[in-house]
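> Here the protein sequences come in this chain order: B and H. Counting in numbering that gives the first Met the number 0, the final residue of the first sequence is number 333, and the numbers go up one at a time with none missing. Counting in numbering that gives the first Met the number 0, the final residue of the second sequence is number 333, and the numbers go up one at a time with none missing.
To be clear, the hints were calculated from the coordinates, so they are not data collected in a lab. Errors might be hidden in some of the hints.
Which copy? The list can't say, so a pair holds if one copy fits it or any two copies do.
Straight line, CA to CA, 20 Å or less: simulated DMTMM-like cross-link-like pairs of lysine to aspartate or glutamate [said to hold, decoys possible]: (1) K166 / D301; (2) K309 / E238; (3) K316 / E113; (4) K152 / E104; (5) K152 / D99; (6) K152 / E62; (7) K316 / E159.
Computed from a predicted structure; not experimentally measured.
2 protein chains.
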Amino acid sequence: MSRVDQGAAAMAEIWRGGMLESTHLGHAVICDAQGVVWQAGNPDAVIFPRSSCKMIQALPLIETGAADAVGLTPAHLALSCASHQGAALHVGMAGRWIADLGLDESDLRCGAHEPYDRDERDRLIRGAEAPCQLHNNCSGKHSGFLTVTRHLKAGSEYVEIDHPLQKAIRAATEEVTGETVAGWGVDGCSAPNFAMSLTGLARAMASFATAREGQGRRASAMARLTQAMASHPELVAGEGRACTELMRAMGGKVAIKTGAEGVFVAILPEQGLGIALKTVDGNSRASEAAIAGLLVRAGVLDAAHPATQKRLNPVQKNWRGVETGEIRLAPGFL
Amino acid sequence: MSRVDQGAAAMAEIWRGGMLESTHLGHAVICDAQGVVWQAGNPDAVIFPRSSCKMIQALPLIETGAADAVGLTPAHLALSCASHQGAALHVGMAGRWIADLGLDESDLRCGAHEPYDRDERDRLIRGAEAPCQLHNNCSGKHSGFLTVTRHLKAGSEYVEIDHPLQKAIRAATEEVTGETVAGWGVDGCSAPNFAMSLTGLARAMASFATAREGQGRRASAMARLTQAMASHPELVAGEGRACTELMRAMGGKVAIKTGAEGVFVAILPEQGLGIALKTVDGNSRASEAAIAGLLVRAGVLDAAHPATQKRLNPVQKNWRGVETGEIRLAPGFL
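I would like the entire structure built from these sequences, with the hints used as guidance.
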């Protein structure tokens, strides 16, 4: 276990006018079922996975029987793993979900923020309507949390560290990462977020990648979540976002998920591989370039696809559409 | 002259739940009239100053006689050095300025983007009105550019690298930095941005800091611009922004200016000091913490002022107002 700024590798470069303007350091690990198969930077770096671990946080939703007890569909499971745009699609689905549970928006504990989706944002502003907790990018995860909480007949304060749901998430986290959690913090959505090594996170993603339905409770839950995410890219993030566009480009075969502070993970079921990476500075232009590069390297993403180029080596343009520079992976990163 | 990622120092740390989540590297230099008096990281790092050099780009506005020919006030000069919010205050002033020149918004070459100011943004959305070039954070600089262009009877494409205005800016840049420019790129507002060493930028800021009116054309222009910025903090950025709040906290005695990709500069006339810094990754939470720390260290900013604390060591809160962590200067940075 190391500090996040120890042993980092050059990950991405920002160029302007043919000159280097900024650079990003990071760590990246690829695991298969046996362990680390590739690394850049320091695989022992301790990180907060932030939203990249939502599929781990969703395991109790299936494993407690809560999801099936209320008949959740794969779309609900995808939304439970989402950092969504707060578009009408996401807000409407989360709202119907908790209404079907007999609950309402005030039962959520994620807080409200202006939606990233422009149409929904503008609709709110035109109507002088405040954003609600359903607009929070984590409202799908929290709808899942409420589903488990209700199923367990547990207390309403489901984001408390000693709540049965969070205890179940902590246990699942330690099982799938193969590590004792290194600590915890409060996430942007108020849920506990458990710290882990980057290798632990990649190992967890490899567990998801090698899990198959019918191989036991844990493996079935993992396989269902991976399939749900990969099959519903529009629910996991939203139009224009890296997760959505790259998953679409991979044709439903791979699940990927971003997290705040420059985290990105990928689950590659056909290859049995899990990927985890983080930029030391928390920047996402670099984490998006790096995950695109690693997915191309793994043979699951077409380097020539527009969604790939938009992240891997994007030309930077200014407000008048004039080319100003480009983002590149650092030489030697891959 | 070195790459921006060579020899950087630990600048700022992002903590969550008592654990380190992300870190930022950077370079910082303080110069007086004789040269470097303090440094962190690599003073020879080559950077793009971006918007931090707007007071250099405004020198021809005064030195050609253009500003006085049309009776520009200190407020106009402050706006010419601004990266403003696009609030009604800024948009209205820039619009009247170019109208008084007999020009209109279509003569600008900065491009349009949604204003950062919430009230003005919401007003546009409610009225289904598109943002115009006056909303661009650089519209004050470009109003100054148009003023010079008209005064010189030069061509309308004033952001071209071989336009007389840009040639004058390049010459002024080399004179005040004491360096041949290291290259150039196109900025977000389409103007050329000249690359320089961080020491060159700090040396230029020290020149501004030691300049006094009546000591010649260059020194008079510098002193007027510094005084204009320091006296009109609301015009240089806007409500809630670091430049505005920190300049207000310093009572009009110091001019500071941010630039994209984590640049920050300060001009301290009473001390005769110039400060320049840049984060390697381009992050601004770290550049804001660092400039606040250096201004406190220089004795011009009160460490206990709320505007200082908001940048120097801010507690991070989430959407429900729950404390999640803090930003700190890296140990040993100051």
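> Now tell me, hint by hint, if it's right for this structure.
Against the structure, the hints come out as follows:
1. K166 / D301: neither (40 Å within a copy, 45 Å between copies)
2. K309 / E238: The answer is within: 14 Å in one copy meets 20 Å, while 34 Å across copies does not.
3. K316 / E113: Between copies, since 16 Å is at most 20 Å while 26 Å is not.
4. K152 / E104: Classified as within: same-chain Cα gap 18 Å, cross-chain 62 Å, threshold 20 Å.
5. K152 / D99: Within one copy only: 16 Å inside, 70 Å across.
6. K152 / E62: Close inside one copy (15 Å), not across copies (75 Å); limit 20 Å.
7. K316 / E159: between (44 Å within a copy, 16 Å between copies)
Comparing the model with each numbered hint stated earlier shows that hint 1 is the single one that does not hold.
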